[in-house]
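Q: Numbering (our numbering), first residue to last: 3 to 425.
Keep in mind the hints are simulated off the structure, nothing from the lab.
There's no promise every hint is true.
[Stated by the list, open to error] Computed cross-link-like contacts, EDC-like style, restricted to lysine to aspartate or glutamate with a CA-CA straight-line distance of at most 16 Å: (1) K296 / E364; (2) K205 / D146; (3) K205 / D176; (4) K139 / D235; (5) K296 / D235.
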Amino acid sequence: MNMKSHKGHTSSPRRSAAIAAPVAFLLFLGLVSLYDLTLSDRRYLSIYGGTSSSSSSSSVASSSSAPACDLTRGEWVPDAAEAPYYTNLTCPFIDDHQNCMKFGKPSLEFMRWRWRPDGCELPRFDAAAFLHAMRGKSVAFVGDSLARNHFKSLLCILSTVALPVEVGTDPEIDVTGRAVRRDYYYGSHDFTASLFWSPFLVKANISNATLGMWDVHLDEPDGRWAAHVADFDHVVLSGTNWFLRQSVYYEGGRPVACNGGASCGVGGNLTELAVPLALRAAFRTALGAVASHKGFSGKAILRTLTPAHFENGGWNTGGDCVRTRPYRRGNRTLGAFEAEYRSAQVEALRETKAAARTNGAELLLLDITEAMDLRPDGHPSRYGHPPGGSVEGDFVVDCLHWCLPGPIDLWSELLFQMLLPQH
3 MNMKSHKGHT SSPRRSAAIA APVAFLLFLG LVSLYDLTLS DRRYLSIYGG TSSSSSSSSV
63 ASSSSAPACD LTRGEWVPDA AEAPYYTNLT CPFIDDHQNC MKFGKPSLEF MRWRWRPDGC
123 ELPRFDAAAF LHAMRGKSVA FVGDSLARNH FKSLLCILST VALPVEVGTD PEIDVTGRAV
183 RRDYYYGSHD FTASLFWSPF LVKANISNAT LGMWDVHLDE PDGRWAAHVA DFDHVVLSGT
243 NWFLRQSVYY EGGRPVACNG GASCGVGGNL TELAVPLALR AAFRTALGAV ASHKGFSGKA
303 ILRTLTPAHF ENGGWNTGGD CVRTRPYRRG NRTLGAFEAE YRSAQVEALR ETKAAARTNG
363 AELLLLDITE AMDLRPDGHP SRYGHPPGGS VEGDFVVDCL HWCLPGPIDL WSELLFQMLL
423 PQH
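I would like the entire structure built from these sequences, with the hints used as guidance.
A: Okay, structure coming up:
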């Protein structure tokens with residue numbers, strides 16, 4: 003068993019309606035320039051153009067003289083020839099909340115599309131090649147329930163080759179009822195995949211459970227994962243939706259701003275902080291904690307936000323997602339909310355690259371926002387639970403998380419291109 007992989011193992015939406023208009027306007031002005039600048043941060047997600055087959059990872063060939071292709075820019079096209087990597091019968095890791103096949107999602111057409119980048123083909127995920135390349139290594143996913151959604155996608159794709167053993171039988175339980183850490187070990191490949199529940203990425207404590215108020219320390223990483231950074235070769239960071247909750251923001255141990263609640267507005271003693279600014283600060287802190295950590299020299303990957311697709315209402319006001327086909331790229335414009343929050347994440351990555359002492363670490367962007375914005379058909383809707391039940395927490399209809407199998411498997415396909423050595 004690889005000691006680095008296991009060193010330090012333990013036993014285990016509301017959108018803010020109060021985003022200040024001037025701040026939002028300034029953020030919007032930067033969207034176009036940030037988008038263009040982001041291309042330099044996405045260079046690792048480029049393969050060389052041409053007509054290579056999408057069925058083999060060997061199609062990535064750096065010897066080609068064709069121009070590089072950005073894998074994150076493209077469209078969804080029909081793919082009747084390829085079956086999904088797994089089903090709910092072949093993968094034992096699918097949570098019921100995302101088990102759309104089990105609970106009878108009426109149309110399974112959402113599984114019959116593939117992502118085609120502009121000018122090239124995206125190779126399918128080669129589970130055997132991934133496990134071979136990850137021999138003796140480890141990867142950690144850190145974030146909220148969408149990080150877990152991605153983590154389960156990876157485990158399911160890898161299950162076509164090998165099944166891991168979960169190590170640690172008595173996990174620490176968070177105040178929200180989730181396990182703080184779960185570790186899965188592939189003994190045949192000496193590879194560990196770990197999942198950390200940390201929805202804010204930084205230190206956060208619930209201050210009023212009745213009101214759903216949180217104290218969020220924007221300048222202090224969540225030690226439950228940050229203390230173990232050196233144990234991992236690669237870390238994938240993500241999270242957005244929890245920042246929409248009412249919060250008091252701290253810096254240097256002192257309250258400095260807020261997002262909704264009694265501490266804000268008339269009678270409050272704190273200034274409202276636009277949520278994207280808080281998000282940027284938290285990601286900057288989390289990325290800095292990884293990049294400057296002595297002993298970590300791998301890849302720190304920031305996954306951008308994934309859009310929700312509630313229509314005719316919100317997540318708690320009767321909204322649903324009943325579309326059965328992807329949007330065409332030319333008929334869909336990324337919403338201002340998603341563009342703003344994605345830009346906050348991109349800027350955090352850029353600021354960390356400029357300021358952090360990297361110790362040989364790489365900071366990379368896994369940009370899935372545009373691709374997933376085109377997939378309103380890939381959510382569980384009301385098919386993540388038996389009839390009459392609920393999904394998770396207050397969700398009855400889920401247009402936030404993603405069916406497994408489904409379009410979320412693209413995230414693992416892109417991660418494959420990022421983590422494996424270029425051919």
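Q: Evaluate each hint against the coordinates.
A: Comparing the hints with the structure gives:
1. A hinted pair counts as satisfied when its Cα atoms are at most 16 Å apart, and K296 with E364 qualifies at roughly 13 Å.
2. With a CA separation close to 14 Å, the supplied pair K205 and D146 stays within the 16 Å bound.
3. Note on K205 and D176: the hinted pairing holds, with a Cα-Cα distance of about 12 Å set against a maximum of 16 Å.
4. Among the hinted pairs, K139 with D235 is consistent with the structure: their alpha-carbon atoms are about 6 Å apart, no more than 16 Å.
5. Simply put, K296 and D235 have alpha-carbon atoms about 12 Å apart, close enough for the 16 Å limit, and the pair holds.
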